[in-house]
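K.L.:
Sequence:
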Amino acid sequence: MSHAPPSYQAIRIRVAEASVDQTRKGLRTGPERGLRQAQRVIESEIQRLPRDERGPLACRAGCDFCCHLRVMVTPVEVFALLEYLRQTLDPAAWADFTEAVTSTDRTLRELPADKVLTTNLPCPVLAAGQCRGYPARPLNCRSYHSLSRQACEESFRQPDNLDLGHPQLTALAKVHEGGQSGFVAALREAGFDARQYELVSALAEALDDPEASTRFSNREQAFLRPPVVEPGQV
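By my numbering, the letter at position 147 of the sequence shown is numbered 147, and the numbering carries on one by one without gaps.
Hint data in this document are derived by calculation from the structure and do not stem from the laboratory.
Just so you know, nobody snuck in bad clues.
Beta-carbon label-pair distances, calculated as ranges: (1) Glu220 x Cys59: 30 to 38 Å; (2) Pro122 x Gln9: 31 to 39 Å; (3) Ser148 x Thr214: 38 to 46 Å.
All C-beta atoms, glycine included, are put in the ideal place defined by N, C-alpha and C.
Work the whole structure out from these sequences, hints included.
P.N.:
Pasting the structure below:
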């Protein structure tokens, strides 16, 4: 007897359950281990999808249109990304990165509120069209994918038109949604700050205020500056 493939919502639920379970286990060692466990669940579940449900994608190295958008992240993703960059960048590249964070954060905070999401600004982790923190990129960066480079470029060229989008694979999107929801649920359950913060502003505060990571470890709110983007806007 043949069986119908699981619905997209069933995929999301299955991945969320696996993610929350594995994140809980990882959190026994620490938040960054919990994050890595959630990433592994997502990667494993993507490989379970039929080939045509996971590609081919238009995304390629050097195509960086999406790297000019605002990205929402949890605090542990910020600290994990910074730790990776500290370990992999040479002193000159690290100085370039931190200067770019400060400059981009300042630009964002000087923009009118209605222009924050409609102004293309390169992510400070970006260099020559490549992500310097790719292995440690946040979950929302991992989930962003497109079937059309042309659609991404058109959206990039018209940042004021928020109605422009790009085609995605539904099953792939549901895997990422489930993985992220399970990860966030486990973080909250453990008492850690699972709020969503805009990446650049969070990087800037983490670099400026060493107490941010201490607050997070103490299960307090990690970032205290006024938000550049409110959760739910992106």
